Amino acid sequence: MLVLTRKPGEKILIGDDIVITVLDARGDSVRIGIDAPRGVKIQRDEVVRAVSEANLAASQIDTAAEDRIKRSLEVLAALQSAQLSQPQPQTATPPLSNPPAEN
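Numbering (the numbering used here), first residue to last: 2 to 104.
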């Protein structure tokens with residue numbers, strides 16, 4: 002790792018097309034500006050790590066939740082089966098003939 006000391010306003014060149022400029026230095030923090038081509042990814046390490054950890058946590062199987070979903074689906078299937086096995090009430094259908102005409 003190359004370690005450099007720079008003052009505000011001074012620049013560091015990386016290759017032919019990346020320029021890092023020290024904008025400000027206060028206490029234990031340094032503001033930098035980075036000028037690079039659009040295709041160059043510039044990411045903060047802590048953000049990349051947080052996203053990776055969140056993705057890993059989201060991909061883990063929650064077996065308790067999976068069991069709850071399976072039980073709920075079994076109950077739903079049992080209810081549907083019970084409804085289908087019960088006899089349906091018969092409704093009276095009106096006759097299809099025309100009623101007598103009144104004079």
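It is possible that some hints are incorrect.
[Unchecked claim] Simulated restraints on C-beta separations:
hint : residue 1 : residue 2 : range
1    : 86        : 66        : 27 to 35 Å
2    : 18        : 45        : 14 to 22 Å
3    : 56        : 29        : 52 to 60 Å
4    : 5         : 45        : 18 to 26 Å
Because the hints were derived from the structure by calculation, they are not lab data.
In this text, all values refer to a predicted model and were calculated from it rather than measured experimentally.
The C-beta atom is built at its ideal place from N, Cα and C for all residues, glycine as well.
A quick look at each hint next to the structure:
At about 31 Å, the CB distance of residue 86 to residue 66 agrees with the hint of 27 to 35 Å. Between residue 18 and residue 45 the Cβ separation comes to about 21 Å, which falls inside the hinted range of 14 to 22 Å. For residue 56 and residue 29, the hinted distance range of 52 to 60 Å is not satisfied, since their beta carbons lie about 31 Å from each other. Between residue 5 and residue 45 the beta carbon distance is about 20 Å. The supplied range of 18 to 26 Å therefore holds.
In terms of the numbered hints stated before, the structure departs from hint 3 and from no other.
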